[in-house]
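Engineer: Residue numbers (our numbering), protein chains in the order written: chain A, 609 to 1138; chain B, 10 to 80.
Honestly, the hints are just simulated from the structure, not real lab data. One or more hints might be untrue.
[Said to hold, decoys possible] Pulled from the structure, derived: some chain A residues nowhere near chain B, Cβ distances all over 10 Å:
1. 680
2. 790
3. 818
4. 844
[To be verified] Now the in silico label distances, taken between C-beta atoms and shown as ranges:
5. A:849 with B:21: 28 to 38 Å
6. B:65 with A:924: 15 to 25 Å
7. A:896 with B:24: 48 to 58 Å
[Stated by the list, open to error] Among chain A residues calculated to face chain B with C-beta under 10 Å, some are:
8. 681
9. 720
10. 786
11. 864
12. 1026
13. 1028
C-beta atoms are modelled at their ideal positions from N, C-alpha and C, and glycine is treated no differently.
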Amino acid sequence: MSAIPHDHAADHHDDHGYHPTGIMRWLTTTNHKDIGTLYLLFSLTMFFVGGCMALTIRAELFQPGMQIVHPEFFNSLTTLHGLIMIFGAIMPAAVGFANWQVPLMIGAPDMAFARMNNWSFWLLPPAAIMLVGSFFVPGGAAAGGWTLYPPLSVQAGMGMDLTIFAIHIMGASSIMGSINIITTILNMRAPGMTMMKMPLFVWTWLITAYLLIAVMPVLAGSVTMLLTDRHFGTSFFNAAGGGDPVLFQHVFWFFGHPEVYIMILPSFGIVSQIIPTFARKPLFGYASMVYAVASIAILSFIVWAHHMFTVGMPAAGLLFFMYATMLIAVPTGVKVFNWLATMWRGSMTFETPMLFSVGFLFLFTMGGFTGLVLALTPIDIQLQDTYYVVAHFHYVLVAGSLFAFFGGAYYWLPKWTGTMYNEKLGQWHFWCSMIFFNITFFPMHFLGVAGMPRRIPDYAQQFTDWNMVATVGAFGFGLSQLIFVVALIKCIRGDGAKAPAKPWEGADTLEWTVPSPAPHHTFETPPHVA
Amino acid sequence: MAADLSGKPVDAARLRRANLRTALAVGAIAVLFFVGVIAAQFVGNTATGMSVVGAAVLLFLAFAIGRNLRK
């Protein structure tokens, strides 16, 4: 690791300009660090809102029969849980990390369009209020699943309109955020930082931003057509008027599958920063990691129909999408291999960020393998819409995205708050999450293989035992996240050891050259990267 | 990553122009895809129209990522 001189000048960057205080500071801020914090806190809030919905779902499924909620409300819960976790929790968390870290990692003073950055964030709370508020309108919230398939979505009540508007607003926010990130990375890198010298987190976010630019308009277009089908007499997806409901599925999954990679690529970036730090070795195969991320992004556009093997496709289509899906395992395998090779014979320690990264690696690989199982058309036809699919995507998105975000939060909390997190709480958080996550979602593989369908509030008695186990695990997992909240509050309040500029011996990127907590303004004069 | 933290200040006006150019190009592509998905429903065979939009999206991605990989 090269020695990095400490930027004493940065200590004095806070002394100019007018800084509003209180609520006005957060409403009007154009500072990337403040906006990053807003995104992360919003995401955490939505994570708990979506989590409460998940726990209600699991409580209902604790035993067969109807116990707690009506079937219609159960359907709304599964729909909104998916939408809130994807658009309200995971995506904003990734943007929060990008806002905090991208300018710091490339030596830029802020994002390229600071006011648009503020606007991108403040679009989110109204959208979230619309989504959650849709429970209280006549007919209740959208209940046709997060995929909003017609004809259910065409026939649903006012809650669906609110959902469509919320998706439009969140899509606009994502596109504005992506434009900002692309512009910042392409134009505002410190002199000497060529593309192939950028930290991998920045690379993964650049590619994620391109993915968002490519697919969010597609989603916006499809839900706009849904809206006109509902209210303006068009028949894009309405079979009664000559439309084609399957067309919606194609368009939706053309957005939907790249969306999975939008959620996972920033996590790859975070893990690629953490593992070399705690293995005290440079990342193995940097260039191949960049090429693998690019390959994953491009391949993600030619696999969408594996989500709809059962709609009735020609055999050639089935074969194409099956093989294309299996092909994604190659660049993903390259990444997993490189992370393992980085750890190989490294001088490793297992602080909380590293634990979450290793947990990510183990569980994401399991989720990837079940993805390969589902890629096989004959098997997918059996497992379509069963709990096996639920288990698969929770291994990818909870143990994948979420674990990496927790790892990233513990890794950068000292830089963000100036206080070291409580290691004991972090370790408790990791182990409880790891154990309860597996208790919740591993049995779902058995339930799926046994034939339990997803999105049902009641089930046959033979599924009872594993559902009970999963419910106990879910409540354990939910409660485990309170440990994170305690650790976070302690950090924010400064209850802990003061963090040095570079708390991690093996860390090697530009953000560690500024003091902890990072001053309000950093890199006003760009550094020169050798 | 070795870094000299006493670099030269940037030309703000030039940077602003460059940022605006990049943002307009990327934003225009997003608008084009949004309009394209809907317009494809009205132009001849829907499957062909959607295929053209899909191919355009894929080409954009391959070009945008590919041109950065060379640097």
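Engineer: It remains to establish, for every hint, whether it holds in the given structure.
Structural biologist: A quick look at each hint next to the structure:
1. At roughly 31 Å, the least C-beta separation between residue 680 of chain A and chain B is larger than 10 Å, which holds for a residue marked as non-interface.
2. Distance to chain B contradicts residue 790 of chain A as a non-interface residue, since its nearest Cβ pair spans about 6 Å, not more than 10 Å.
3. Look at residue 818 of chain A: its CB is around 5 Å from the nearest CB on chain B, not clear of 10 Å, so calling it non-interface is violated.
4. Against chain B, the non-interface label of residue 844 of chain A is violated: not every CB pair exceeds 10 Å, the least being about 6 Å.
5. Checked against the hint of 28 to 38 Å, the pair residue 849 of chain A and residue 21 of chain B fails, with Cβ atoms roughly 55 Å apart.
6. Against the hinted window of 15 to 25 Å, the Cβ-Cβ separation of residue 65 of chain B and residue 924 of chain A comes to about 23 Å, which satisfies the hint.
7. At about 32 Å, the beta-carbon gap between residue 896 of chain A and residue 24 of chain B misses the expected band of 48 to 58 Å.
8. The closest approach between the C-beta of residue 681 of chain A and any C-beta of chain B is roughly 33 Å, which is over the 10 Å cut-off, so the hint fails.
9. Using the Cβ-Cβ criterion of 10 Å, the hint placing residue 720 of chain A at the interface with chain B is satisfied: the shortest such distance is roughly 4 Å.
10. Taking 10 Å as the C-beta cut-off, the interface hint given for residue 786 of chain A holds, the closest approach to chain B being about 7 Å.
11. Because the smallest distance between the Cβ of residue 864 of chain A and any Cβ of chain B comes to about 14 Å, over 10 Å, the interface hint for this residue is violated.
12. The interface hint given for residue 1026 of chain A is violated, since its Cβ lies 20 Å from the closest Cβ of chain B, which is over the 10 Å cut-off.
13. At a threshold of 10 Å, the smallest CB-CB gap from residue 1028 of chain A to chain B is about 23 Å, leaving the interface hint violated.
When held up to the earlier numbered hints, the structure conflicts with 2, 3, 4, 5, 7, 8, 11, 12, 13 and fits the remainder.
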